[in-house]
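There are 2 protein chains.
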Amino acid sequence: MNLPTCKLFEGFTNRHCECFFDLIEETTCKQGEWLFREGDSAEQLYCIRKGAVELLTSIDDAIELPITILRSEGNFFGTSSLIAPYTYSLSARAYQDSELSVINREKLMHQIDRDPELGYIIMSNLAKTFLDRLKETRQEIKIHFKSLMKMMQY
Amino acid sequence: MNLPTCKLFEGFTNRHCECFFDLIEETTCKQGEWLFREGDSAEQLYCIRKGAVELLTSIDDAIELPITILRSEGNFFGTSSLIAPYTYSLSARAYQDSELSVINREKLMHQIDRDPELGYIIMSNLAKTFLDRLKETRQEIKIHFKSLMKMMQY
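Going down the list, the protein sequences come from chains Y and W.
For the first sequence, this note's numbering assigns the number 2 to the initial residue and increments by one for each residue that follows.
For the second sequence, this note's numbering assigns the number 2 to the initial residue and increments by one for each residue that follows.
Isolated chain Y, as found in the complex (with noise of 0.2 Å):
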């Protein structure tokens, strides 16, 4: 059996594969469970084998704003489980009947401190991840930008 595909997991040896496949453990949900609150203590990395997962944040107790929609297997969510001081961000909700692999924090910790190696390629890969992220979000403020220069213009 092999380690879930998983863009944390990109540049894993073989060494580094076995001992993080006791650290996982699978569950499902079904379509519309709410997985972690914006504000709870991040325990659990999550990754995508099936399904889609919804992040939103709270605008007041009446609203959820979605952030994003992860739907292709490989994302992975809950990454405040890696980064102090563990408190999720995000909220996470089921979009469809999901399958998914959970990696509990203390487990992966312990883990990371027995081999450093580990640590330093999962939050390289995080780092990839959120810099992507940011990047993005640049782009979006160029295309308002480039928008913003034309109205004037006419």
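Calculated directly from the structure, the hints in this document are not laboratory data.
There's no promise every hint is true.
In silico DMTMM-like links for lysine to aspartate or glutamate, alpha-carbon gap of 20 Å or less [unchecked claim]:
| hint | chain 1 | residue 1 | chain 2 | residue 2 |
| --- | --- | --- | --- | --- |
| 1 | W | Lys143 | Y | Glu118 |
| 2 | Y | Lys8 | Y | Glu100 |
| 3 | W | Lys108 | Y | Glu118 |
| 4 | W | Lys136 | Y | Glu65 |
| 5 | W | Lys143 | Y | Glu100 |
Keep in mind it's a predicted model, so treat the numbers as computed, not measured.
Please arrange chain W on chain Y, whose structure you already have, making use of the hints.
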């Protein structure tokens, strides 16, 4: 002599500080001087000791859109030097006369190969910084959304 104050080095032990110290070179730059351009090969990471540096993205050949100004001591930039494909995604220009610490990517990667824990700490700090920036962006989206809701109520 101590390591410069830098958010990337938070959590370093004495051992990390000692081996890191040899990687750092000091430089100065004059207000308005370009340190690198968007699209350049990212060979160096920078920490601000004194002064301020502006990060910009080019809209077209004629216009550079400011993204942020890094003012305080301890801020760092040129982070694309830590993440493949090692290409600067923004341009950097001295906003004031500045004193900078410069870290060569190849030397740093060589050191991380020898001491993966060093890499784990740096990449964790980097991921935390990126996550903080993403949270700021989301906060701005929330503010715009709330303004929009108020406008629609009246």
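Outcome of the hint check:
no. : hint                   : in the structure
1   : W:Lys143 with Y:Glu118 : 38 Å, violated
2   : Y:Lys8 with Y:Glu100   : 17 Å, holds
3   : W:Lys108 with Y:Glu118 : 18 Å, holds
4   : W:Lys136 with Y:Glu65  : 16 Å, holds
5   : W:Lys143 with Y:Glu100 : 30 Å, violated
The structure fails to meet hints 1 and 5 from the earlier list, while all remaining hints are met.
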